[in-house]
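In order, the protein sequences belong to chains Z and R.
Here the first sequence is numbered in our numbering, starting from 3 and rising by one per residue.
Here the second sequence is numbered in our numbering, starting from 1121 and rising by one per residue.
If you are wondering where the hints come from, they were derived from the structure by calculation, not from laboratory data.
Taking lysine-lysine and the DSS-like style, the derived pairs with C-alpha atoms no more than 27 angstroms apart in a straight line are:
1) K1396(R) x K1382(R)
2) K1429(R) x K24(Z)
3) K1422(R) x K48(Z)
4) K42(Z) x K1429(R)
5) K1413(R) x K34(Z)
6) K1417(R) x K24(Z)
7) K1417(R) x K48(Z)
Computed from the model, here is a short list of chain R residues facing chain Z with C-beta under 10 angstroms:
8) V1388
9) N1389
10) I1392
11) K1396
12) D1405
13) K1406
14) I1407
15) Y1408
16) I1415
17) D1416
18) S1425
19) D1426
20) K1431
21) T1435
Here are the in silico distance ranges between beta carbons for each label pair:
22) K24(Z) x T1312(R): 41 to 47 angstroms
23) S1383(R) x L31(Z): 32 to 38 angstroms
24) I18(Z) x D1426(R): 22 to 28 angstroms
25) D1426(R) x I8(Z): 26 to 32 angstroms
26) Q14(Z) x R1215(R): 51 to 57 angstroms
27) T62(Z) x S1427(R): 19 to 25 angstroms
28) K1264(R) x T6(Z): 51 to 57 angstroms
29) T25(Z) x K1454(R): 36 to 42 angstroms
Just so it is clear, CB atoms sit at the ideal spot from N, CA and C, and this is done for glycine as well.
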Amino acid sequence: MLETRILQKSLQDIEIKIMLCKTHFQWELLAKNYQEVVNKIEETFKENEIPQTLQNAIDTIRESLVTKKGSLPPQDLSDFFK
Amino acid sequence: MGLIKGITDAVIQKAKNEMKEYILKVMEEENNESEETELTEEEQVAEAEEGSNIENSENDDEPEEEIEEEDEEEEEEEILSLIDEEIIRLTFKTRPEVVTIPKEILETLQFLSVEEFAVYLKLFIFCCDQKKNYGYIGNTLRKKSGLNDMEPDIFEKTVERLSKMGLIKVEDVSDNQRTFVLYIPFNEEINTKAETHQKSAKPAHGKDRNRYDNRKSNNRKGKPQQQKQKEDPPRKEEPQKPIDNKLPGIAVAGNEDEDLYKSYRTYVNLEIDKAKMRVGRSNFDKIYMEAVKYIDKNFGFKVLSDSDKFKEYLTSYYISAFDIKTFEEWKKDKP
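Whenever a hint applies, use it, and build me the whole structure from the sequences.
Pasting the structure below:
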C-alpha cells in the first residue's frame, strides 16, 4: 500500500514537471524518468495486477508526455541528415 | 309600277325590322356572355387566391418535408460492396509505360456514376504514376490527380461512396490526416505487396471508426484493466521495427550506394524545409504534433523517447505526409 503511494507520488512529480518542460532535452529526461517508474511498477506488481489508480496515472502521464512533445517546437532534423 | 314599288318598300321595311331585332338579340346575348365571363373570372381569381393561400401553407411545410425526405433518402441509401476482396497496399515494380485497366475493374466501373468513375480512374492513373496504390487524402492528392476542379464536398462524398463500394479504403491516421488505399487487383508480374505499417490505423468509415471513438472515450473515463489490455495490444508490444527500409536515417548495411544515399538524405532535408515553408509554421507544428501522436500510437513510447529513432520515424512520416520521393523513386528520376 505504501509502495503504491510512493510510486503514485513519483508519477505525480513527473506530471508536474511536464507542465514546466520547455525543451526537448528536458522532455527526454522526463520520458526516461517515466520509463523508470513504469518499469518499477511492473516489477513491483509482477505477480499481481497493477492497481487501477496507478494504471490510470500511467496512461494519463503518457498522454501528457506525448502531447507535450507534440507541442514543443518541431525537432530540428538538419543534424540528423549530416 | 306604283304597286310594285309599294311591295318592295314594304319588303325592305320588314327586312330592316327583322335585321334590327336580330342585331338587338345578338347584342343582348353578347352582354350576357360578357357578364358571365366577368363573373367566372372573378371566381377564378378568388379561387386562385384561395388556392395560392393553400399552396403557401402547404409550401411552408414542404421544405421541412423535403429535407426530411432527403435525410431519409441519405440514411436509407445503402450502397452494396462491389468488391469482395480485401484492399491491400501494393507497389508497382516499375512505372507502367502503358496503363492497363484490368477487365474486372472495367466491369465494376460500368456500375459507377460519372463522378465515381472519374475519381476512381483519376486515382488509378495517379497510383500507377506514383507506383503505389496508397497515399494521403488531401488537397495535394486532388491537385496531383487532376481533381482540383471538383468541389471538396463532392470529392469527399464520392470517396465515401467508393469506400462503401469497396473500391477504396480510407483510414484515419490522425485527427487531421487520412490515407487511402485504392483497390487494384494484385498482379504478381507487376505488383509487390507493400508492408502494412499502418495496420493499427483506424478506418474512417463505418463501425470501426465508432469503435475507435468509443475506445478513446473509454480510455479517458478509465476502463477496467483487463479490457484495456485487450484493446491496446500494439501499445504493449512496442514494436521497434522500422516502417520500411526507405527510412533515410538508416544506414543500410553493405549499401553500395552510400554516397548516393547521403545525397538522398540531403534531398529529403531540403524537401522537408521546402514543405515547411509551403505549409507555414502553424500548419507544420500541427503536422509535427500529429506525427508525434502517430509514432507513439503505432510504434510505442520507447521509439518516441529515443531521440535517434524518433528522428528516423519522424523523417519517414514527413516523407509520406509531404509526398517526398522515396529513395528508389529519387534514384530513378535522378539525371
